[in-house]
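If you read the sequences in order, they're chains A and B. Numbering follows my numbering, in which position 62 of the first sequence is assigned residue number 62; successive positions increment by one, without gaps. Numbering follows my numbering, in which position 147 of the second sequence is assigned residue number 147; successive positions increment by one, without gaps.
Derived from the structure by calculation, the hints contain no laboratory data. Given the structure is predicted, the values throughout are model-derived calculations rather than measurements. There may be inaccurate statements among the hints.
With the C-beta cut set under 10 Å, the calculated list includes, among others, these residues of chain B facing chain A [as the list claims (entries may be wrong)]:
| no. | residue |
| --- | --- |
| 1 | R13 |
| 2 | A16 |
| 3 | T43 |
| 4 | E49 |
| 5 | P59 |
| 6 | R60 |
| 7 | S62 |
| 8 | H63 |
| 9 | N80 |
| 10 | A109 |
| 11 | I111 |
| 12 | L173 |
Simulated restraints, written as ranges between beta carbons of each label pair [unchecked claim]:
| no. | chain 1 | residue 1 | chain 2 | residue 2 | range |
| --- | --- | --- | --- | --- | --- |
| 13 | A | E4 | B | E130 | 32 to 38 Å |
| 14 | B | E130 | A | H20 | 22 to 28 Å |
| 15 | A | G60 | B | T2 | 44 to 50 Å |
| 16 | A | A21 | B | R60 | 39 to 45 Å |
| 17 | A | D33 | B | P67 | 38 to 44 Å |
| 18 | B | R35 | A | T2 | 36 to 42 Å |
| 19 | B | A180 | A | T73 | 31 to 37 Å |
| 20 | A | E4 | B | A145 | 32 to 38 Å |
To give an idea of the interface, some chain B residues facing chain A are shown, with a C-beta separation under 10 Å as derived from the structure [what the hints assert, rightly or not]:
| no. | residue |
| --- | --- |
| 21 | R21 |
| 22 | R35 |
| 23 | R72 |
Idealized CB from N, CA, C, for every residue including glycine.
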Amino acid sequence: MTPEDELLLEQVTSAHRERHADGSIRAHPAWHDLDEDGRREAFEATVVLRQLEAALDPGGHSATVRALLARITRG
Amino acid sequence: MTEELLALSAMARGDAAVFARWASSVEVPLRGSLRAFATSVDTEAVVQETLLRIWQVAPRFSHDGRPNALLRFAMRTARNVAVSEWRRQGRADQQEALEQHLAAESEVAPITPDPYLRAKIGQCRDQLPEKPRVALGQRMLSNGADDDSVLAARLNMSLNTFLQNFTRARKFLKACLEKAGINLDVELS
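If we strip away everything but chain A, and leave its shape as in the complex, we get (with noise of 0.2 Å):
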C-alpha cells in the first residue's frame, strides 16, 4: 500500500459521512479513491478501530453510533 493509499484509509476509517439531499447517508470520497485491497483493508481497520472507540468511550459507543446518536436527538 502506496503512503497515499494509507492516507485514504485513514480517512474511510472515520465515521464521518456526509449526506444526501434526501438524508440518506453518502459514502466517503476518500473510499471511491481505494482499489479494492485497499477497500478491503479499510473494512478490517473499521472493524477493529470501532471497537476500540467503544472500548475508550463512557458509554461504551463507537464513534458509529455516537454519530447517530448526535443525528437523531438533534432531530
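Starting from the structure of chain A, add chain B where the hints point.
Relative to chain A, chain B alone:
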C-alpha cells in the same frame, strides 16, 4: 428475549439512550455481515443508514417471538441497503459473488462488552505518544460530526499529519494489545 422486548418498547417511545445501547451490542455482527460487500460499497455508510432506519421503524416493528428479531431485521435491512447501493453503481460484473453472499445465512447474536479487554485498551491508550493520542481524542470528541480536515485544523496540523498520527495511534494500540496477548483481529472481528 424479555430484555430485547423491553429495549424495543423503549425505542418505540423514542428512548435514544436505549437505542444507542442496542446499536452498540449489534454493531459488530452487523458490520461483519457486510464483509462480502467491503470492496463494492462503503460499509460504514451502510451501517449508519441501516441503524438510522431501525430507529425510524422501531415504533412499527412487529416482533416475531424468536430471539434477536431486531438484529435479524437489521441484518436484512443492511443487506438491502448494500445491494441497493451496489446496483446504483451498476456493478453487474459482481453478480455471481453477490448472489452467493445473499444465499448465505449466518447465526447472529448481540455482543456483550468484555471488561478485561476494555481495561487493557484503556491502559494502552494511556501509553500513546502525545500527538497520536491527541489525534485519536479529536476523532472521539467529534462524534463523526466533522471531516478529518476540520479536526486537523483544530489541532493546527495539516490533514496528512493528522492522518499519519491517527495511523500511528491505531498501530500503537494494536501492538500494545498484542504484547498483552490480545490479537485484535481474533478478539474483535
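Going down the list of hints, with the structure as the test:
Against a cut-off of 10 Å between C-beta atoms, the interface hint on R13 (chain B) is violated, since the closest Cβ of chain A lies about 13 Å away. At its closest, the beta carbon of A16 (chain B) sits 5 Å from a beta carbon of chain A; the interface hint therefore holds under the 10 Å criterion. At about 6 Å, the closest approach between the beta carbon of T43 (chain B) and any beta carbon in chain A falls short of 10 Å, and the interface hint on this residue holds. For E49 (chain B), the interface hint holds, since its Cβ comes within 10 Å of a Cβ in chain A; the closest pair sits about 5 Å apart.
The beta carbon of P59 (chain B) comes no nearer than 13 Å to any beta carbon in chain A, farther than 10 Å, and the hint placing it at the interface is violated. Because the closest C-beta pair between R60 (chain B) and chain A is about 16 Å apart, greater than 10 Å, the hint is violated. Below 10 Å, beta-carbon pairs count as interface contacts, and S62 (chain B) has none with chain A, the closest being about 22 Å; its hint is therefore violated. For H63 (chain B), the interface hint is violated, the least distance from its beta-carbon to any beta-carbon of chain A being 21 Å, above 10 Å.
The beta carbon of N80 (chain B) comes no nearer than 13 Å to any beta carbon in chain A, farther than 10 Å, and the hint placing it at the interface is violated. Interface hint at A109 (chain B): violated, since its Cβ lies 16 Å from the closest Cβ of chain A, which is beyond the 10 Å cut-off. Interface restraint check for I111 (chain B): the shortest CB-CB distance to chain A comes to about 9 Å, inside 10 Å, so the restraint holds. The beta carbon of L173 (chain B) is positioned within 10 Å of a beta carbon in chain A (closest approach about 6 Å), and the interface hint is therefore held.
Between E4 (chain A) and E130 (chain B) the C-beta distance comes to about 26 Å, which lies outside the given range of 32 to 38 Å. Look at E130 (chain B) against H20 (chain A): about 38 Å separates their beta carbons, and that is not inside 22 to 28 Å. For G60 (chain A) and T2 (chain B), the Cβ-Cβ distance of about 21 Å falls outside the hinted range of 44 to 50 Å, so the restraint is violated. With their beta carbons about 25 Å apart, A21 (chain A) and R60 (chain B) fall outside the hinted range of 39 to 45 Å.
Between D33 (chain A) and P67 (chain B), the C-beta spacing of about 41 Å keeps the proposed range 38 to 44 Å intact. A C-beta distance of roughly 24 Å is found between R35 (chain B) and T2 (chain A), which places it outside the suggested range of 36 to 42 Å. The hinted window of 31 to 37 Å between A180 (chain B) and T73 (chain A) holds, with their beta carbons roughly 36 Å apart. Remark: the range hint 32 to 38 Å for E4 (chain A) to A145 (chain B) is contradicted by a beta-carbon distance near 26 Å.
For R21 (chain B), the interface hint holds, the least distance from its beta-carbon to any beta-carbon of chain A being 8 Å, beneath 10 Å. Look at R35 (chain B): its Cβ gets to within about 7 Å of chain A, closer than 10 Å, so that hint holds up. Interface restraint check: R72 (chain B) against chain A, minimum CB-CB distance 19 Å, threshold 10 Å, status violated.
Hints 1, 5, 6, 7, 8, 9, 10, 13, 14, 15, 16, 18, 20 and 23, counting from the list given before, are not met by this structure.
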